[in-house]
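These are the residues of each chain, in order.
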Amino acid sequence: MADKKDKPFISYKLRGALVCYSIIIIPILLLGLFTYLPVFWAFQKSFYDFEIGGISHFVGLSHYIEYFTTDPTTYISLVNMAFFTLFAVVVRLSLPLIVAKLIISIQSERWRHFYRILFLAPIVVPGVATMLIWGGMIYSSQGLINEFLRLIGLGNYTHAWLANPGTALIAVAMVGFPFIGGFEVLIYYAGLSGIPESVNEAALLEGCVGIRKFFLIDIPMVLSQLKLILILTVIAGIQGFEGLIILTSGGPGYRTTVPGLMMYFNAFSFQRFGYACAVGVILFVLIFTLTIINFKFFKSAEELQATK
Amino acid sequence: MKHTKNWYLHLSILAFASLTLLPFYFVINNSFRSNTEMYHSFFGFPKTLEQLIVCSYKTIKGEKGTIVVNDEQEQISKTLTYKDAVKFYFDSVTRNYKSAWKVLRPYFLNTFLVVIATAFGVLVFGSVTAYILSRFKFPGNKVIFYYFISTMMFPAVLTLVPSFLLVKRLGLLNSRLALIIPAIAGGQVFAIFVFKSFFDGLPQDLFDSAKIDGAGHFSLYWNLILPLSKPVLSVVLIMNILGMWNSFLWPYIVNTDKKYHVIASGLFVLSQTEAAANFGLLYAAYITSSIPLLILFIYATKTFIQGMTSGAFKA
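Chains as they are written, first to last, in this note's numbering: chain A, 1 to 308; chain B, 309 to 623.
The reader is advised that the hints may include incorrect statements.
[To be verified] Here are the simulated lysine to aspartate or glutamate pairs, EDC-like style, with alpha carbons at most 16 Å apart:
#1 B:K372 <-> B:D392
#2 B:K366 <-> B:E345
#3 B:K391 <-> B:E371
#4 B:K476 <-> A:E51
#5 B:K355 <-> B:E345
#6 B:K610 <-> A:E51
[As the list claims (entries may be wrong)] Sample of chain B residues lacking proximity to chain A, with all beta carbon distances greater than 10 Å (derived):
#7 N314
#8 T367
#9 R413
#10 K476
#11 K567
#12 A583
#13 L602
Note that these hints are calculated values from the structure, not bench results.
Yeah, the Cβ is synthetic: ideal placement off N, Cα and C, and Gly gets one too.
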């Protein structure tokens, strides 16, 4: 026990700091173990060839070389990914914005509130269930689309939409039609309601109304929201493959395969964990580069903080 | 003039909304039906539900009489009084839901446990860490904050495979901890970010006056900080619940044992078993699995909206 008159063994300042450290050491260690270590492993293990429980060999860059030269799935999966991402960007930057504009044009606050909730409501359905509904109820042979075609006498046009090589790619892209996500609507709505009343009044005085106002005033005023959705959609497009596990497993053939899905199969079906790590690193570099570009060319650092 | 314009707006919004919600209508509709009935006519109204309504109406009105019902399960027709027919049709309407519930019940329990444990961990670690980083000056304060925030730039696709290898090496495969601990580690980052920007915005006078009143750090945190941060807290909580409820891939990979499935992975596994040949059962399972979040959504609509928008902007 230290005598109170003595100078403290360690200064109060240091003691305060030590108390702080000792409390936040648990979150720090948790993050170190479950995030930083896997990040480090992703890079490190991409240079090794190994199976779980087996011996690992150092193979240098050969996984990366294999991915860009001999892997037959690389080219088609990158093309598919680009297609899905571009498609998603086009529909998510346009349709929810139109709906948000329609909602905000309504006079009654109560209805505006109601519609925003209405479009947000589908988030209560688990994502897996939504995918299973699209795969199992909408696209299946006795599903919604085919039954509807039969109903209106176009029975000749029925397809096994996801199994047919000619329709699989576009069918996967169309999942989520009409693409009015509640999240996007809310973001655009917030952007539109942030337009100062003076701007709206000036536009009205100048006779700038309707579609002209939408393109000349509204869209430039919600650019930062559009950028946010753009980067989020691109990131989701590059790394998203969960839905494909449920819908097509990348088939038929490699018709709907994407790089993330190949990473998943390499790891969990072929036991090629080192190679899978290499694919993960490549995708990370791609996402990182695009994020930096977005940073540089569209100065909107604030919005990027959400790109988790 | 204004009225007609509004009328068009409502109509076009409702057109978009009905296209969005149409699949869910058919899921609900067909969850009451058997495969035979669905194959017969995809778009029809459930016959059993229709009969249930008719018979209930007649029973309530006190009409006496009998009705011939087709028992699809036993492949026979029988003659029942209206009162018995109500019971019979009620059983067939709810049959899919009962079977779905039987399958989903353990998954619900797992999901609840995982969601509650994770949310608790995230809220405690997130708020305490943010409080310390926001209100105390000590060497390394900034560095530690960036240590947390930097992890936001690592996408899930980079860490998925090595995280699996880590959890396997730790011997956590096929356990609830494999879902809870990594989720707390990752989820606290967003929580720290949100809490810290909230705490940073609180006036220093507030803390000074509380200290003058003799409040210690713990009582300051418990009696002042937590009650004040209720709105932020509920946003973090809701976002966390939403994320965990929807998380499919990670539980699917790390827990292959049926005992530890959560709802998301359990639904996918169910869709690949023989039971999935009964579409009505699957649809009933989708509906059932949406009910808890639906209740939460109705109860806390405002927080959902706040969470969606504050997650995207400088929170």
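Is the straight-line distance between the alpha-carbon of K355 (chain B) and that of E345 (chain B) 16 Å or less?
With Cα atoms ~8 Å apart, K355 (chain B) and E345 (chain B) stay inside 16 Å; holds.
Distal placement of T367 (chain B) relative to chain A, Cβ over 10 Å
Fine: 34 Å to the nearest Cβ keeps T367 (chain B) off the interface.
Separation of R413 (chain B) from chain A, once the least beta-carbon distance is taken, above 10 Å
Nearest chain A Cβ is 16 Å from R413 (chain B), so the label holds.
Whether K567 (chain B) stays farther than 10 Å from all C-beta atoms of chain A, as the label says:
holds (19 Å)
Status of the stated non-contact between A583 (chain B) and chain A (beta carbon gap over 10 Å)
holds (13 Å)
Is the hinted pair K391 (chain B) and E371 (chain B) satisfied, with a Cα-Cα distance of at most 16 Å?
With Cα atoms ~10 Å apart, K391 (chain B) and E371 (chain B) stay inside 16 Å; holds.
Quickly compare the C-alpha distance for K372 (chain B) and D392 (chain B) to 16 Å and report which way the hint goes.
holds (12 Å)
Taking 10 Å as the cut and beta carbons as the points, is N314 (chain B) off the interface with chain A?
violated (6 Å)
Need the status of pair K476 (chain B), E51 (chain A): alpha-carbon distance at most 16 Å?
Roughly 13 Å separates the two Cα atoms, so the pair holds.
Is the nearest CB of chain A more than 10 Å from the CB of L602 (chain B)?
violated (4 Å)
For the pair we were handed, K366 (chain B) and E345 (chain B), check the Cα-Cα distance against 16 Å.
violated (24 Å)
Agreement of K610 (chain B) and E51 (chain A) with the hint, judged by alpha carbon distance not exceeding 16 Å
Judged against 16 Å, a Cα distance of about 49 Å means the pair is violated.
Hints 2, 6, 7, 10 and 13 from the earlier list are contradicted by this structure; the remaining hints agree with it.
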